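Trainee: Construct all of the structure, not just a fragment, from the sequences and the given hints.
The listed protein sequences derive, respectively, from chains Z and R. The first sequence lines up with residues 1 to 311 when you count with the working numbering. The second sequence lines up with residues 1 to 367 when you count with the working numbering.
You can take every hint at face value.
The calculated lysine-lysine pairs, modelled on DSBU-like cross-linking and capped at a C-alpha distance of 30 Å, are:
1. K90/Z x K72/R
2. K352/R x K90/Z
3. K180/Z x K2/Z
4. K72/R x K166/Z
5. K2/Z x K126/Z
No wet-lab data here; the hints were simulated from the structure. Remember, predicted model here, so these are calculated numbers, not experimental data.
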Amino acid sequence: MKLKQLSPTDLRERLCDAGIWLRTGPFSLRICSSIPSVAEGLTDLYGQFEVRDQRDSFADFHVSVNSPSLLRRWIRPQVDFVFDGQLPFKPLPLDQAYPMLEWGLNWCVSMHAHQYLIIHAAVVEKNGRAAILPAPPGSGKSTLTAALILSGWRLLSDELTLIDRKTGLIHPLPRPVSLKNQSIPVIRAFSGDKAFINRPSHDTAKGTVAHMRPPKESVRRQHEPAQPAWVIFPEWVAGAATELAPRSAAQTFMFLAQNAFNYSHLGADGFRVGTQLIGQVDCYDFAYSQLDEAVRAFDQLADTPPQLRAV
Amino acid sequence: MRQANFLLARTLRTPDMTTRFSLTQWDLLVRQARQAGLLARLQDRLSQQALLETIPQPVRWHFDAAATLAHKQQIAVRWELGQIRAALDGLDCPLVVLKGAAYVAANLPAASGRLFNDIDILVPRRLLNQAEAALMLAGWNATGLSPYDERYYRRWMHEIPPMQHLHRATVIDVHHAILPDTARYFPDPQKLLSRIVPAGDDMPGVYVLSAEDRILHSATHLFHDGELPHGLRDLTDLDLLLRHESAAPHFWPRLMARADELQLGRSLFYALRYAQHFLDTPVPAKVWEDLRSVTPGRIVMRLMDSIYSRSLAPAHASCNDTFSPLARQAAYIRAHWLRMPAYLLIPHLFHKAFISPYLDNNTPKPA
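Mentor: Given below as structure tokens:
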């Protein structure tokens, strides 16, 4: 059953009671929350995802977003993210309940799923080949990701690139795309009415934050891994011409290692998986100012047949 | 006292029951083991019994991931011990490692699946300042404690405030004794240092406490440190140490004599009692007889059982009952009660309850 087949009342009741069981990529989640905006966010953004009755199944992560106390329901209302009894974060204002769930889920994956090398990067796929987009915050990574997936690329993840340590393939985790500040109107304008972006939360640690619903096709194919083909560092520069410039593989490796959540946890195997990845991809710096031109450049890359690599 | 009945304890006692587990039971087992910090150790246990194949495919990665982390930490601990040894090279004393890091250094079964928050070392008190200075020169610095905590450590504790490395963020606890000076019982650190043994050929210059002293330290730690989130993990340490050492000739008489000498008989009694309660640790009948002089009366015993059967269980909702929060509070207070006299304890607990929470700034905001 898909989440959108649940009536809003049914969803709210389940969230308040035993929780809903949801499958996102390789992970099963059990989510509990009595906060209306969390139910609303899930309805808006997770409609295409598979749900189950949690009573008879295993869940990787048992999470909840709720008020810390009765008092905090009414006076300066706050919410806590709870991972099976643990509180990894300080409470946030009620208005940020939905983004807190998304951040909390990112934390769950990045702190535990060491069967993957987990790189802090967006990742999209076309024609069977995946482009990893690592970049510091503010470089326009999420905006570009959103534009690409609105233009026929498949969303694998906007935040966590999961590289299978056994196969070297990238496993999709196509959860909603987080958009910040100026990105929100930019993507609304770019998409016409194709994109659904939920109600923004204001004054978070990252400014104004909203989430874009992942494309239906990306969710349908969420169990289909992809071959890494490119590592591309996007940078939005006002007025810049679109330019794709080759980049040193060694420097790229160092950047990925530093921006992986669990590179050091994996020890020697982290190095092996990282070098294997770098051996399979072309590395680029990518400057752009116009989203449609950027998408065209990416499409061109995807349409160029892969060259045989000298080993 | 009936043996502990929650799923993790039952599984640790009889691992082959996993062959009959439903997915719902696996769900609960993983959650309890994660909360107790025992996922990797449980994986090791299942692996030794050739039971890894009983873990259903969707559950398996949780164990493998925990084992990956534990493996990495053991390598890191060994490497870090080399760095600490080099930093303390000029000091006129051997490097003595305690607890988890000692089990790793000495290649003991108790190292299995062990996760680490810090490395504990023991330094003679007269060399404490020199040791601290040497570690600072090598990059370990005082962590950001509140002035109250800093003062508390320096004045009353058996260790100085934890030191954290600037680049690697590893934490060292430098001890000058295993219990505070103010504790009811104060095992003389000189006695412990007089019996240290080399950790092993692959760890030159690194020493650990003697087998009996390691066990007594582990037992004492359970009740004096109030570090209850790790209660069950620490009990499994003790269980593994005992099962390993008790094969040696005359082990139990030596242990009892040493407990007596160090005034730790009562702690040993409780530790054995709860190891048996949770983990079915084998203890000969003769030992219980010999411990009679330190066995408390019936009423005290029942009170202690009701406290520790709850507070040493994992802090997971499924292992709690109505009295668990109270029991944890009681165990915390008792740990402090054993560590200092009332005139110090009462102001300290007052500060911890009503003043520290408002100064706490350590929990991160999500990013």
